[in-house]
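Chain order of the listed sequences is A and W. This note's numbering applies: residue 137 is where the first sequence begins, and numbers increase by one. This note's numbering applies: residue 3 is where the second sequence begins, and numbers increase by one.
Bear in mind the hints are in silico, worked out from the structure with no lab data behind them. Predicted, not measured: the structure shown is a model, and the values here were computed from it.
Some residues of chain W that are not near chain A, with every Cβ distance over 10 angstroms (derived):
id : residue
1  : D30
2  : P63
3  : S89
Selected chain W positions facing chain A (Cβ under 8 angstroms, derived; list incomplete):
id : residue
4  : N33
5  : G44
6  : L45
7  : L47
8  : F50
9  : Y52
10 : E58
11 : L92
12 : S96
13 : Y102
14 : G103
15 : Y104
16 : F106
17 : G107
18 : S108
19 : G109
DEER-style ranges, computed between Cβ atoms:
id : chain 1 : residue 1 : chain 2 : residue 2 : range
20 : W       : S69       : A       : V149      : 43 to 53 angstroms
21 : A       : E151      : W       : E24       : 32 to 42 angstroms
22 : A       : S245      : W       : R46       : 18 to 28 angstroms
23 : W       : E64       : A       : Y230      : 20 to 30 angstroms
Heads up, the beta-carbon is just placed ideally off N, CA and C, and yes, glycines get one too.
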Amino acid sequence: GQQVMQIPQYQHVQEGEDFTTYCNSSTTLSNIQWYKQRPGGHPVFLIQLVKSGEVKKQKRLTFQFGEAKKNSSLHITATQTTDVGTYFCAPLLYNQGGKLIFGQGTELSVKP
Amino acid sequence: DVKVTQSSRYLVKRTGEKVFLECVQDMDHENMFWYRQDPGLGLRLIYFSYDVKMKEKGDIPEGYSVSREKKERFSLILESASTNQTSMYLCASSSRRKNYGYTFGSGTRLTVV
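Go ahead and model the full structure; you've got the sequences and the hints to work with.
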C-alpha cells in the first residue's frame with residue numbers, strides 16, 4: 137500500500153536554529169497534508185499541498201511539494217519553544233474516501 | 003468550540019470486556035475515522051466511514067468493529083478487550099467540502115488490565 141518515509145525521526149535544536157523535516161514516497165502523490173501534534177495533544181491540520189512544485193508559507197513555516205510529487209518538506213525558520221511537537225506528513229487517497237496515510241512523524245524538541 | 007468530541011479522555015477496562023468508544027462531530031462531515039497511536043508505530047487506521055451505515059476496514063481492523071447509525075456519530079467497539087489494545091485512540095472527521103483536512107478529537111487513552 138501507499139507509504140511515506142519521514143526523516144529525521146527526531147531532531148533536537150537550539151532555539152533560533154532552523155529545522156527541516158522531509159517526507160518521501162516511492163509513488164506519485166495526488167496531494168499531501170501536514171499536521172502538528174503537541175506533546176499530550178492531538179494532531180492539528182496545518183496545510184495541504186496539491187500542485188507540483190507548490191510552495192506555501194505560514195509565518196515561519198515553509199511547505200514544499202516536489203516537482204515530481206514524490207516528496208515534500210516542512211522548514212521552520214528560527215525555531216521557538218512553541219514549535220515543539222511531532223510533525224506528520226500524510227498523503228491523501230481521494231479514491232479511498234479521503235483516507236490519509238500518516239508518516240511516522242518527526243519529533244522536534246527545542247532547547248531554550 | 004469543540005468540534006470532534008470523544009466521550010472519555012481516560013478509560014480503564016478489564017480483559018474480555020466489551021468496550022465502546024464514542025465520537026461525535028458537529029461539522030456535518032461525511033467522513034469519519036478511527037486511529038490508534040502507539041509510541042514508535044505512529045498513527046494506524048483502524049476503520050473509517052464515508053457515509054452513514056458505511057464502513058471500511060483500515061490497516062488494523064482485527065479485534066475491532068464500528069457503527070455509524072447517524073452522520074455525526076462514529077463508534078468504535080472492542081468486542082473483547084485485550085491488553086494489546088491498550089493505546090491512545092483518536093477519532094477524526096473530514097469533508098471534501100473542506101479539502102479533506104482532518105479534525106481530530108482529543109483522544110481516549112484506553113488501558114486494558
